[in-house]
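Protein chains: 2
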Amino acid sequence: MSNGASALIRTLVDAGVTTCFTNPGTSEMHFVAALDTVPEMRAVLALFEGVATGAADGYGRMADKPAATLLHLGCGLGNGLANLHNARKGRVPVLNIVGDHATYHVQYDAQLQSDIETVARNVSPWVRTSKSTQDLCKDAAEAIGVCQGPPGQVATLILPADVSWSEGAVPIPPPQITPPSTADDATIAAITQALQGGGKKAILLGGRGLRAPALMVVARIAAKTGTKLFAEVLPTRMERGAGLPPVERLAYMAELASVQLTGLDHLILVDTKAPVSFFAYPGKKSYLVPEGCQLHTLASFTQDVLGTLEKLSTEVGAGQTTPVLQASKRPGLPRGKFTADKVCKSIGELMPAGAIIVDEAITSGLMLTMYTAGAPQHDLITLSGGSIGFGLPNAIGAAIACPDRKVIALAGDGSAMYTIQALWTMAREKLDVISIVFNNRAYAVLNVELQRVRASGAGDKARAQLDLKNPPLDFVQLGQSMGVASRRASTTEEFLVAFEHALRTPGPHLIEAIVPPSLAGLKLRVLPHLLQSLANLPQPIARALKRKIAP
Amino acid sequence: MSNGASALIRTLVDAGVTTCFTNPGTSEMHFVAALDTVPEMRAVLALFEGVATGAADGYGRMADKPAATLLHLGCGLGNGLANLHNARKGRVPVLNIVGDHATYHVQYDAQLQSDIETVARNVSPWVRTSKSTQDLCKDAAEAIGVCQGPPGQVATLILPADVSWSEGAVPIPPPQITPPSTADDATIAAITQALQGGGKKAILLGGRGLRAPALMVVARIAAKTGTKLFAEVLPTRMERGAGLPPVERLAYMAELASVQLTGLDHLILVDTKAPVSFFAYPGKKSYLVPEGCQLHTLASFTQDVLGTLEKLSTEVGAGQTTPVLQASKRPGLPRGKFTADKVCKSIGELMPAGAIIVDEAITSGLMLTMYTAGAPQHDLITLSGGSIGFGLPNAIGAAIACPDRKVIALAGDGSAMYTIQALWTMAREKLDVISIVFNNRAYAVLNVELQRVRASGAGDKARAQLDLKNPPLDFVQLGQSMGVASRRASTTEEFLVAFEHALRTPGPHLIEAIVPPSLAGLKLRVLPHLLQSLANLPQPIARALKRKIAP
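Quick note, the sequences are listed as chains A and B, same order.
According to my numbering, the first sequence is numbered sequentially starting from 32.
According to my numbering, the second sequence is numbered sequentially starting from 32.
Pulled out of the complex, with its shape left as it was, chain A reads as follows (with noise of 0.2 Å):
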């Protein structure tokens, strides 16, 4: 028998939940002060809770498994909300407690009073707020059974003060997870049946189905079937590198995606949806699955995604198939004039084996994918959800779930400074990342968009907002300011010599690279010129994507 508080605490640590990315207030003082009552918990103060929303996102792809999220009402939920859609549509298990007035209390709507359950219901299918210390433990269990699928959620649990800080509440055991299901035998036959007819074929992998278990089972199918191999768009984590199968990203661009896809006769579809288009345009196709293409779901969200393709690539026979691995292979060192290019191609030259990669570098990331595909093994992290602001915090989550792996954090000057505060706890709990910030002074790909979308009449104050340089921002002032080791490159030689310095020397570190935009100023019609040589596209699609959209 304990307070609600502390039987929380020992619910959440017994189910495995050790971790908890903090930013608490006066209604969560009583689960604070029960924090030294179970050892086992780890608590990371941030101070936004967006931060700690994407700490837990960074960790959840990482460990797999959730950490907690400590967040004060609905407004400390509405902070948190951004990257808790991050986690959302990337499928990740996220836990959070978001404390709330005493029961009694909320009649009298004070000032911090709040509709916290319709704040949740955007990113988080279980909403609970737990009416009783006697029933908080299994409502915390069953919080985190739903947490963990699959698929991967965010559930929110919403805790009164009074819950809280009442007694009488006694931890309870884990909860049973039911395994999940394989792709039933119906399913298989018809996939095995169009894998193993003519015309073109791919699979198209995300979540689970791109980690290197099943990237290898996958790959053995590919090899045997002729199938092509495309990972989605944004994976959530996705293992590659040398020794790891190959596949190509779908990209960013709807009009090189439809490229990509073009002739496609059947796309299985492997833990992801269809391919959309990130947004509309006006006069472009959203839905980009070609006409005529028989579309398959060989494993859905709740599915078991390793089993299913141990029983598939059974059925087609591809269990003594040789998967096509990746080279090893280094770009070299970049020279020569600095751009987000040369920061790519250096990373692709000197990361460590195991490292973590957070991408969130926009456009400035372009050429990352292609520069380390034949690097040591490692993860990359993508913006499942769309929200900036993701980069930074997922890099902490990353760390701590990770603490023996180097973490590679990219973000634009734009994107670093939705949750800029990351920086302080990187700083505060000396985790082991590298954030690579690339200074173009704009937001870059908003000057790509206003021309994709068509916009017309812009003129001065259209690009006023989209333009970072009045005043220019400092990064490494700001670094400094939360204490983390920070340097400015504006050379490629500045940054190389940055970026040795910082893998070898443990804790925090930020490079701040000041590079020209990418593709800012650019007419769409020359953007496949630039992006033929993009990530894993081969030439024959960039030539292909250039008759198409520049004849």
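Take the hints with a grain of salt, since some may be wrong.
Each computed SDA-like pair below joins lysine to any residue, with the alpha-carbon atoms no more than 20 Å apart [as the list claims (entries may be wrong)]: (1) B:Lys162 - A:Gly314; (2) B:Lys255 - B:Gly230; (3) B:Lys500 - A:Ser33; (4) A:Lys231 - A:Leu319; (5) A:Lys461 - B:Lys492; (6) B:Lys360 - B:Gly294; (7) A:Lys316 - B:Val137; (8) B:Lys492 - A:Ser33; (9) A:Lys500 - B:Gly294; (10) A:Lys492 - B:Met72; (11) B:Lys316 - A:Lys96; (12) B:Lys96 - B:Lys316; (13) A:Lys96 - A:Met72; (14) B:Lys96 - B:Pro204; (15) B:Lys169 - B:Val158; (16) A:Lys169 - A:Pro156; (17) B:Lys259 - B:Gly294; (18) B:Lys259 - B:Asp215; (19) A:Lys461 - B:Asp505; (20) B:Lys315 - A:Tyr139; (21) B:Lys315 - A:Gln138; (22) A:Lys500 - B:Lys360; (23) B:Lys96 - B:Leu364; (24) B:Lys315 - A:Gln408.
Now the stretches of chain A that chain B is said to cover, found in silico as 3 or more residues with beta-carbon under 8 Å [as the list claims (entries may be wrong)]: (25) 149–159; (26) 454–464; (27) 492–502.
Hint data in this document are derived by calculation from the structure and do not stem from the laboratory.
The C-beta atom is built at its ideal place from N, Cα and C for all residues, glycine as well.
Given the coordinates of chain A, assemble chain B onto it according to the supplied hints.
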């Protein structure tokens, strides 16, 4: 005829909505492009949505009309939610324009798809997704009407990209405003009877009741009938200073507020609610109206406050009564050991007439209202919804609404970090704002709250959650990194030099005041000794308090 975006901006401007605080993305690019078609619309870019919404809140408080925000789908709205909460609780008009995917794109559940309406409902009684370009301006006019109230409200117009980019919209004229009614005769009669009868009575003023014209009328009523005047604990905007009626603010701490309200027979509400405790505490009352005290509502949120007060004034025959007015009085220049108190005293001594003080300093600002009571007339803006991170953004909006007035924003180190990106917009727009950040290297208020909630067992882990020492934040570097002239003050003399420099030099300034925590480490039972000097609390109340809480 023009596209939706152009006609929308024209409709806004024609209704007086001439400022838009923006953080746009791709789905808002047509709105951005259309900015140049309507010269009267000022667009102010923020690096984070919470800055944009907080700025709109501050603008609405000072301009008495809504600014618009331009936000990027549900995640952008989520990031803006906390400061919209403060606007909602303060009954401040704010018009959100939230971009959304094109109507036909929603079905594909792309990465940024979420349920925007649900997120909005937490803060916005009026929410509508405009479904057609033809109806867009009608929807906008309705939203503007709702915003303006009374009560002022947050309204949210969701703007799908295709509704924005399609042709066929026609701007429409501003909505007709129905003037609010005054209190009915029966109410006036009943309250007149209470005021003219025996017993102890007080009028509690909120919202529009704390503006100069209403204050002058209510002060005559108070003088005529021997009635005490109180202000709600966290006023949206309070006009005060020499020549205006002084009004005693209810204390944040319920223990104190209860003492202030002790023995009342009648409490009369003007544009506010019955006072309640900010949070609930074990074993303490949430509802602060004393037992046996009769509660009256003179003017509700929807009524004409000034007209109602004038009606009551006539009824009680106070038209010719001389009101009690605040004498001109400065506290003198501070000397000696540097504390938060000395900063407040400096402000009281040196602030110019017409200043706007935005107070989010929580513990460090305790003495502010006392020291500024007799300063030249000014406005005081406080944390109406309790959601921190409001101060620096609010100062932006106040400065844009009142370009000829000096804005002084007080923040704590903890609270400043929620929306620190506000500094960049201050620099970009060259706003006349002095941001004073009290750096006590702690969530000092939580050290007090930890005791108030009587949480037991707190050890090192718990205390670490309230501690901002490791690493220390450097606000001078933070300010400079975003283009704001910044100085550090560790002594009273350094502070005075920096503050006087900032007062005579237009444009944004930041002063980091390195101060000891005002209340940290304090035992609850010694609180009254310290608090007896608080704000407007006269000695007898402090003595009563001491007897009551620390016998």
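Do the hints match the structure? See the list:
For the proposed pair lysine 162 of chain B and glycine 314 of chain A, the alpha carbon gap of about 19 Å is at most 20 Å, so the pair holds. Restraint check: the Cα-Cα separation between lysine 255 of chain B and glycine 230 of chain B comes to about 15 Å, which is no more than 20 Å; the hinted pair holds. For the suggested pair lysine 500 of chain B and serine 33 of chain A, the alpha carbons sit about 32 Å apart, so the restraint of at most 20 Å is broken. A distance of roughly 16 Å separates the Cα atoms of lysine 231 of chain A and leucine 319 of chain A; the hinted pair therefore holds under the 20 Å criterion.
Proposed proximity of lysine 461 of chain A and lysine 492 of chain B is supported: the alpha carbons are some 17 Å apart, at most 20 Å. Of the supplied pair hints, the one linking lysine 360 of chain B and glycine 294 of chain B is violated, its CA atoms being roughly 31 Å apart against a limit of 20 Å. A hinted pair counts as satisfied when its Cα atoms are at most 20 Å apart, and lysine 316 of chain A with valine 137 of chain B qualifies at roughly 13 Å. At most 20 Å may separate the alpha-carbon atoms for a hinted pair to count; lysine 492 of chain B and serine 33 of chain A meet this at roughly 19 Å.
Distance check on the hinted pair: lysine 500 of chain A and glycine 294 of chain B sit about 60 Å apart at the alpha-carbon level, beyond 20 Å; violated. For the suggested pair lysine 492 of chain A and methionine 72 of chain B, the alpha carbons sit about 10 Å apart, so the restraint of at most 20 Å is met. With a CA separation close to 41 Å, the supplied pair lysine 316 of chain B and lysine 96 of chain A exceeds the 20 Å bound. With a C-alpha separation of about 37 Å, the suggested pair lysine 96 of chain B and lysine 316 of chain B falls outside the 20 Å cut-off, and the hint is violated.
Restraint check for lysine 96 of chain A and methionine 72 of chain A: satisfied, since their Cα atoms lie roughly 14 Å apart, inside the 20 Å limit. Proposed proximity of lysine 96 of chain B and proline 204 of chain B is supported: the alpha carbons are some 16 Å apart, at most 20 Å. Under the criterion of a C-alpha separation no larger than 20 Å, the hint pairing lysine 169 of chain B with valine 158 of chain B is consistent with the structure, at around 14 Å. Between lysine 169 of chain A and proline 156 of chain A the CA atoms are separated by roughly 18 Å; this keeps the pair inside 20 Å, and the hint holds.
Taking the CA atoms of lysine 259 of chain B and glycine 294 of chain B, the gap is near 12 Å; set against the 20 Å cutoff, the hint holds. Between lysine 259 of chain B and aspartate 215 of chain B the alpha-carbon distance is near 23 Å, which puts this suggested pair outside the 20 Å criterion. Pair hint lysine 461 of chain A plus aspartate 505 of chain B holds up; C-alpha atoms about 18 Å apart against a cutoff of 20 Å. Restraint check for lysine 315 of chain B and tyrosine 139 of chain A: satisfied, since their Cα atoms lie roughly 14 Å apart, inside the 20 Å limit.
Pair hint lysine 315 of chain B plus glutamine 138 of chain A holds up; C-alpha atoms about 15 Å apart against a cutoff of 20 Å. Proximity of lysine 500 of chain A to lysine 360 of chain B is assessed by CA-CA distance (about 45 Å); at most 20 Å being required, the pair is judged violated. For a cut-off of 20 Å, the pair hint linking lysine 96 of chain B to leucine 364 of chain B is broken: about 37 Å separates their Cα positions. Proposed proximity of lysine 315 of chain B and glutamine 408 of chain A is contradicted: the alpha carbons are some 58 Å apart, above 20 Å.
Counting residues of the stretch 149–159 of chain A whose beta carbon lies closer than 8 Å to any beta carbon of chain B gives 5, which reaches the threshold of three, so the coverage claim holds. Chain B is given as covering the stretch 454–464 of chain A, and this holds because 3 residues of the stretch bring a CB closer than 8 Å to a CB of that chain, at least three being needed. With a cut-off of 8 Å between beta carbons, the stretch 492–502 of chain A has 8 residues touching chain B; three or more are needed, and the interface restraint holds.
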